[in-house]
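Asker: Listed below are the residues making up each chain.
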Amino acid sequence: ILNVEQSPQSLHVQEGDSTNFTCSFPSSNFYALHWYRWETAKSPEALFVMTLNGDEKKKGRISATLNTKEGYSYLYIKGSQPEDSATYLCALMFSGGYNKLIFGAGTRLAVHP
Amino acid sequence: SAVISQKPSRDICQRGTSLTIQCQVDSQVTMMFWYRQQPGQSLTLIATANQGSEATYESGFVIDKFPISRPNLTFSTLTVSNMSPEDSSIYLCSAADTPTDTQYFGPGTRLTVL
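Heads up: the protein sequence lines correspond to chains A and B, in order.
When we follow this note's numbering, the leftmost residue of the first sequence carries the number 1, and every step to the right adds one.
When we follow this note's numbering, the leftmost residue of the second sequence carries the number 1, and every step to the right adds one.
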């Protein structure tokens with residue numbers, strides 16, 4: 001069973017705090033990892049696609065790292081702002097005929113002014 | 001990137017009826033996908049729709065319950081048939097040119113079945 005776990009389920013931080021959350025996955029047959037941000041009533045927005053062990057990606061105040069050998073990725077937000085409030089989704093694609101994204105349940109982030 | 005719209009954005013339906021959800025992409029794409037997110041659950045792929053061929057359904061989803069059309073490279077519909085309260089979910093479509101490309105999503109259709 002290909003399972004993608006995200007933790008924590010939800011997170012409340014104050015404006016200006018930095019925060020991070022985790023996506024864990026089976027390390028065998030890894031092909032690619034996608035991070036999405038999903039604000040209520042909007043389309044999920046693609047943040048990063050990561051494929052190589054040790055990859056680090058950055059977009060503004062948001063960055064992500066990938067460890068395919070141990071099966072995890074971290075998403076970091078530096079200096080959180082209220083507009084960062086959203087659900088952050090991790091999705092994995094595995095090799096071996098599984099040409100589809102398998103999503104975690106997401107981490108719901110609320111940033112309070 | 002592609003911009004994707006869905007109609008309706010939300011609906012409340014009676015048990016036993018059917019609802020067709022439309023998904024429009026602003027450019028031609030090879031692959032379109034339909035997902036469901038039940039309350040408290042992960043986004044789950046229902047089926048993949050390529051133009052000119054039958055949709056490919058994931059385990060647990062069948063064509064009689066979720067018929068899909070893909071008449072051209074910019075449009076697809078998903079019908080939720082003979083609805084029950086368990087079908088209350090957010091339904092999203094997405095698009096990509098290959099299975100490994102980034103998928104671009106619509107804003108979703110929030111369905112409540114009474």
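It is worth saying that the hints were derived from the structure and are not from the lab.
Keep in mind that this is a model prediction, so the values were computed, not measured.
Ideal Cβ positions, reconstructed from N, Cα and C, are used throughout, including at glycine.
Warning: the hint list may mix true and false statements.
A short list of chain B residues far from chain A (calculated; beta carbon distances all over 10 Å) [what the hints assert, rightly or not]:
| # | residue |
| --- | --- |
| 1 | L73 |
| 2 | T77 |
| 3 | T102 |
| 4 | Q103 |
Simulated crosslink set (BS3-like; lysine-lysine; CA at most 30 Å straight-line) [said to hold, decoys possible]:
| # | chain 1 | residue 1 | chain 2 | residue 2 |
| --- | --- | --- | --- | --- |
| 5 | A | K42 | A | K78 |
| 6 | B | K7 | A | K100 |
| 7 | A | K100 | A | K59 |
| 8 | A | K59 | A | K42 |
| 9 | A | K69 | A | K57 |
| 10 | A | K42 | B | K65 |
| 11 | A | K42 | B | K7 |
| 12 | A | K100 | A | K42 |
| 13 | B | K65 | A | K100 |
| 14 | A | K57 | A | K100 |
| 15 | A | K69 | A | K100 |
| 16 | A | K69 | A | K42 |
Asker: Which numbered hints are broken by the structure, listed smallest first?
Answerer: Hint check: 3, 4 and 16 fail, others pass.
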